[in-house]
Amino acid sequence: MPEGYFGQYVTIGIFAIVGTVLVAATLQLSRLVRPNHPTTAKLTTYESGIDPIGHGWSQSNVRYYIFALLFVVFDVEAVFLFPWAIVFEELGTAAFVEMVIFIGILALALLYAVKKRVLEWL
Amino acid sequence: MIPEITLTAWQILLVKIGVILAIVPTMTLVAGYAEHKVMAHLQHRLGPMYPGGFHGWAVLLADGLKFLYKEDIIPERADRRVFSLATFAIFVPAVMVYLVIPVDRSLIVEDLDVGIFYLLAISSVSTIGILMAGWSSANKYALIGALRAGAQLIAYELPIVLSAAVVVMLSGSLSLVDIVEAQNWPFLIWPPGIGLIAFLVFTMASVAELTRPPFDMPVAESEIITGAFTEYSGMRFIFSFFFPEVANLVAFAAIGATLFLGGYQPIVPLGVLEVIPGFVWFTLKTAFMVFLFLWIRPTFPRLREDQLQKFAWKVLIPVTLALILVAGAWVLYAPEALR
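Residue numbers (the working numbering), protein chains in the order written: chain C, 1 to 122; chain Z, 1001 to 1339.
Any given hint could turn out to be false.
As a list, the in silico BS3-like pairs of lysine-lysine whose alpha-carbon atoms are at most 27 angstroms apart [to be verified]:
{"#": "1", "chain 1": "Z", "residue 1": "K1016", "chain 2": "Z", "residue 2": "K1037"}
{"#": "2", "chain 1": "Z", "residue 1": "K1037", "chain 2": "Z", "residue 2": "K1070"}
{"#": "3", "chain 1": "C", "residue 1": "K42", "chain 2": "Z", "residue 2": "K1066"}
{"#": "4", "chain 1": "Z", "residue 1": "K1016", "chain 2": "C", "residue 2": "K115"}
{"#": "5", "chain 1": "Z", "residue 1": "K1314", "chain 2": "C", "residue 2": "K116"}
{"#": "6", "chain 1": "Z", "residue 1": "K1310", "chain 2": "C", "residue 2": "K115"}
Restraint-style ranges between C-beta atoms, simulated for each label pair [claimed, not checked]:
{"#": "7", "chain 1": "C", "residue 1": "Y112", "chain 2": "Z", "residue 2": "V1319", "range": "45 to 55 angstroms"}
{"#": "8", "chain 1": "C", "residue 1": "P83", "chain 2": "Z", "residue 2": "A1022", "range": "42 to 52 angstroms"}
{"#": "9", "chain 1": "Z", "residue 1": "R1080", "chain 2": "C", "residue 2": "V72", "range": "47 to 57 angstroms"}
In short, the hints are calculated from the structure, not lab data. Idealized CB from N, CA, C, for every residue including glycine.
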């Protein structure tokens, strides 16, 4: 029975299942009515009409691994920020100053990344 | 007199499932049709006119039916299991976003006490789905599209999260109902300036998060076909690309209306307007936000990938960080201006 505090999350879990079932059921329905005539040409990888050269899983340059690292830093900051945002009014100046220092350090890190020119998309 | 109806928890749950399953596809169809029509008229075209008779209202139903009858092609080289799982990883979060949006004071599936946090968390799950789709396709366009999408979605998630944090600081709650209740007229300049800047940052970052033009590098048709979804066909294409795109468009519009435009509250606190039920206001505000997103699309040219990253990291994120400090100082030292 979905009740109480954790009951809310039971509802959300049930909706995740409902969404999954919806997609699966529609794909199944589509399977009943759609044609299925696979040919070799149809199953080749699409490369604007010409035969594919090499493999799709080729080495590729992930240009933004530094961005991704910075993202993790700032997303963790957000995790701290939300609880703070609710209570800082009661805690007063001390909590505010702490957050100023915290954000200041992160801003310095961002500035450092800009100065080191790692935030350039080559 | 309306007779009092008491429902058990399971019956309520069934009603909620029914309502969500009815509303989300309907809104998607309406917004998708609006996209066709609004863009057409902004570009001095008519858009679809024939399907269904009246101004082509049934064009998307016809489209959906067409896709149902299309062959499902999974390329030989693709990783079949990840390829089909990606659809679920993209579609399910797009529906689950709707669970915490308050349509009216009590018209909400679940009023989570961490509602906004849930929203931000669940709306970023689809990034994984897009990367799954791009990698499993074993297609160069798909891989490039997925890598671009990954970079863009993480870059623009931060401005959204940080501007939402500003709203949380001003309202002092993570529950979306409390956030709406905490907003006073006029919503946007609440308090002067801060709300407006947060709203603008949120709108721009939402457009990027939806990978809509001018931030549509991940699906740029002229370069990489449909990005990560190049190899998807038939219903799979609908469920992994078309439907989530429009559903997320409406969801972000609804989140914007809830966080910044006062949600289900009347736009002006007048006695006459209080009579109009809250869900009407909410729908109007959401429609306004949807229109804003549609309007942006044909107005601006596409940004280059490096411009896009520069805009997120060197403009939006520093601005929101500064905004958090300004909002904090405001709440602590000039709280009377808020209420």
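The hints, checked one at a time:
no.	hint	result
1	Z:K1016 - Z:K1037	31 angstroms, violated
2	Z:K1037 - Z:K1070	25 angstroms, holds
3	C:K42 - Z:K1066	19 angstroms, holds
4	Z:K1016 - C:K115	52 angstroms, violated
5	Z:K1314 - C:K116	13 angstroms, holds
6	Z:K1310 - C:K115	13 angstroms, holds
7	C:Y112 - Z:V1319: 45 to 55 angstroms	19 angstroms, violated
8	C:P83 - Z:A1022: 42 to 52 angstroms	36 angstroms, violated
9	Z:R1080 - C:V72: 47 to 57 angstroms	31 angstroms, violated
Hint check: violations occur at hints 1, 4, 7, 8, 9; the rest are consistent with the structure.
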